[in-house]
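Chemist: Sequence:
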Amino acid sequence: MALSLKVSFWATAASLPFGLFTAYALARWSFPGKQFLNGLVHLPLVLPPVVTGYLLLLTFGRSGWLGAWLAEIGIVFAFRWTGAALAAAIMAFPLMVRAIRLSIEAVDRRLEQAGATLGASPPWVFVTLTLPMILPGILAGTILAFAKAMGEFGATITFVSNIPGQTRTIPTAIYAFLQVPGGEGSALKLVLVSVVVAMGAVLLSEVLARRVAARIGGA
Numbered sequence: 138m139a140l141s142l143k144v145s146f147w148a149t150a151a152s153l154p155f156g157l158f159t160a161y162a163l164a165r166w167s168f169p170g171k172q173f174l175n176g177l178v179h180l181p182l183v184l185p186p187v188v189t190g191y192l193l194l195l196t197f198g199r200s201g202w203l204g205a206w207l208a209e210i211g212i213v214f215a216f217r218w219t220g221a222a223l224a225a226a227i228m229a230f231p232l233m234v235r236a237i238r239l240s241i242e243a244v245d246r247r248l249e250q251a252g253a254t255l256g257a258s259p260p261w262v263f264v265t266l267t268l269p270m271i272l273p274g275i276l277a278g279t280i281l282a283f284a285k286a287m288g289e290f291g292a293t294i295t296f297v298s299n300i301p302g303q304t305r306t307i308p309t310a311i312y313a314f315l316q317v318p319g320g321e322g323s324a325l326k327l328v329l330v331s332v333v334v335a336m337g338a339v340l341l342s343e344v345l346a347r348r349v350a351a352r353i354g355g356a
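Using this note's numbering, the letters of the sequence shown map in sequence onto residues 138 to 356.
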């Protein structure tokens, strides 16, 4: 449980800045390759998780084209909890970006333009006007990403295996318990934890999404 919380926390925290930037770019900017970026962001949702895990292994494994270089400076992802966090972050990233992007698109651009006409720079308009309005959407995306990271299995077990105390998160622990006689009881307890976390995340994200709609509608 503690390892799953650790992996999910760092997966969510590390990907949040990238998720916010990507969501804003997709919602507000026009640039060559925008549709490709949108497809790339959502690719983990449609690819089999095992494929994503294998691609991570090819890229960030000790002999991978990027992993070999990182290993030389002491950064290793494969078969480490950091690799589990990376896999969870990639699998959860589309949910985070989508929630934040929808909240940004719901903001009336005329409000941002009005702020600009008063002499505010674009970054200041974003910080003082846009960011407070999309904050519930950011929280909703963060919560969904955290819950997805808690439940990630396929990419994780492919990339970092199922090592007790190192990479054994709740989903991989459930899988391990189901492989041994008499492990069904322990697996069921973890299943219940997973259901509670997932349901709580969905309900809370719905509440936050309604707040976004209400705030934008009353603006």
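Some hints here could point you the wrong way.
Unchecked claim - Simulated restraints on C-beta separations:
| no. | residue 1 | residue 2 | range |
| --- | --- | --- | --- |
| 1 | Val328 | Gly176 | 41 to 49 Å |
| 2 | Val213 | Phe146 | 15 to 23 Å |
| 3 | Ile300 | Asp245 | 20 to 28 Å |
| 4 | Pro260 | Gly322 | 31 to 39 Å |
| 5 | Leu255 | His179 | 31 to 39 Å |
| 6 | Ala253 | Arg347 | 38 to 46 Å |
| 7 | Lys171 | Gly302 | 24 to 32 Å |
Hints were generated in silico from the structure; no laboratory data involved.
Note that this is a predicted model, so its numbers are computed, not measured.
Ideal placement from N, C-alpha and C gives every residue a C-beta, glycine not left out.
Chemist: Please name the hints from earlier in the document that this structure breaks, with their numbers sorted from lowest to highest.
Modeler: Those not satisfied are hints 1, 3, 4, 6, 7.
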